[in-house]
Amino acid sequence: MYVAVKGGEAAILATHDLLAEARRGDPAIAEIGVAQIREQLGLAVARVMNEGSLHDPDLAALALKQAQGDAIEAAFLIRAFRTTLPRFGSSVPVDTSRMAIRRRISAAYKDLPGGQVLGPTYDYTHRLFDFALMEGGSLPQAPKAPAALAGTMPRVPDILGAEGLMEPETPPEGDPAPFDLTRQPVSFPADRDVRLQAMARGDEGFLLGLGYSVQRGFGGNHPFAGEIRMGEVSVEFVPEELGFPIDLGEITLTECQMVNQFSGSKDVPPQFTRGYGLAFGHSERKAMSMALVDRALKAREFGEASDYPAQQDEFVLYHSDNVEAAGFVEHLKLPHYVDFQGELELIRRIRAEREARLAPETTPIQEAAE
Amino acid sequence: MQSKEPLARRQGHFAILARAALDEVEAVLADAPAIPPFTVLKQPETGTIMVEGRAGGGGRRFNLGEATMTRCAIRLEDGTLGFSYALGRDTAKARKAAVLDALLQNEPPEGPMHRAMRRLAERQKQTREEASRKAAATRVEFFTMVRGEG
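Line order of the protein sequences matches chains Y and C.
Our numbering puts the first residue of the first sequence at 11, with every later residue one more than the last.
Our numbering puts the first residue of the second sequence at 2, with every later residue one more than the last.
These are computed hints drawn from the structure, not numbers from a lab.
Please read all numbers here as calculations on a predicted model, not as lab measurements.
Note that the Cβ used here is the ideal one computed from N, Cα and C, for glycine as well.
Among the clues, some could well be false.
[Stated by the list, open to error] Result set (EDC-like, lysine to aspartate or glutamate): computed pairs, CA atoms no more than 16 angstroms apart in a straight line: (1) Y:120 / C:142; (2) C:126 / C:6; (3) Y:154 / C:131; (4) Y:154 / C:25; (5) Y:75 / Y:31; (6) C:43 / Y:250; (7) C:126 / Y:242.
[As the list claims (entries may be wrong)] Derived Cβ-Cβ restraints for the label pairs, each shown as a range: (8) Y:42 / C:30: 46 to 56 angstroms; (9) Y:99 / C:30: 20 to 30 angstroms; (10) C:27 / Y:182: 45 to 55 angstroms; (11) Y:215 / C:119: 46 to 56 angstroms; (12) Y:254 / C:27: 18 to 28 angstroms; (13) C:119 / Y:255: 14 to 24 angstroms; (14) Y:99 / C:24: 21 to 31 angstroms; (15) C:41 / Y:272: 51 to 61 angstroms.
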């Protein structure tokens, strides 16, 4: 039990000032601008938007500045701000098949309709330091192909689906509105919409570890990256007062479709099974990890054993939220003086009782002598 | 009041304005012969929209996460309603874009604001095409190597 404490106002005010000074660092060095963070630390911004569960690159950049680059603290700031905003509604589900592609690769198919597009990736870099970045001042220019890419490119699982080789992915009867875990309490077993929402806002490191565990044998899926695509997708919304869809602008998304080994029954011939990941911004590791764990969490639906953590929805969903996890872990820092006083008294009493119990055991020798 | 403008064109305007910066919206408004008086029905307001995705791209809907958006509604004296909806938190742009939506409904397609909107749309298209051509320059042909014989 946590018992509140009072006092310390002056010290707390002073720590705020000290924190501001620590955040600023050496005043002889130019202060970093929020726009610089947004433009030049875009992958960190994407992570904060995902784990803060709010798409707004400027706010995510501000959060990173305020949190001195601590991604989880920044996500916490975003979550806190989000609670102050009214919600106007839900978008029309985004259509990733109409994504303006900037990157699209498949590890399963060499020759894809639309082609493989590497885009801006670290995959083929040598991971050697570029010391020129220490100096700065360069203005890189990317080459341009004579023609743009195709306007739409088929998603790889849909290509397999056309042959009937892929587990179909269709909306349930009536295309119901999804569960929203920010407004309703989660219960278990959790449906796929709940799991996907929880993972979309879940900690990248946690999902990465779980995804890795699945690959290493704690879950038994070693899939193919059927497709990873990244680019811009329009967000549409139907305002009540107009009654027709409005294009609100576009956001960058990363989508991952994992193609896993087969499932089938006496009614359904063997098919590949799917794992799906979707994330704000260029967030490939997150989308891939999510897709691995999504497939692992389907164990129950496919009648597989759920022996490992990544296959257990309650374990995954209750521990993937890093703002909640950090809150509970870090609350241990807060004063627990009353609790601890109680523990101290308890241990002293136990020790006293033990001594009292042991004391007579040394006397029987005397007793025997008497 | 029913808009005189075809729906598809008006939707196109919303899409263009959503992607425009404040100064670009102001530049189109500068082509209006005059800005008539208007009433603000709904002050520019920032809130969120829950962005939905579909499992596997085409399956069950799920909530991906929220996004900030800003909306505004105005009415011209002749009763024409103007709206603005866009991602982000730019309230100054929202007000001007709502006025522009109303003015565009009353202007014939050959009018100066419509022409400015088409120029803006063309610039946005060029930006998109440029990004796509840069991506296209990284299109790759992988060859599988045949190892040994037998």
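> Against which earlier hints does the structure fall short, listed by number upward?
Replying inline: Going through the list in order, the structure violates hints 2, 4 and 8 and respects the others.
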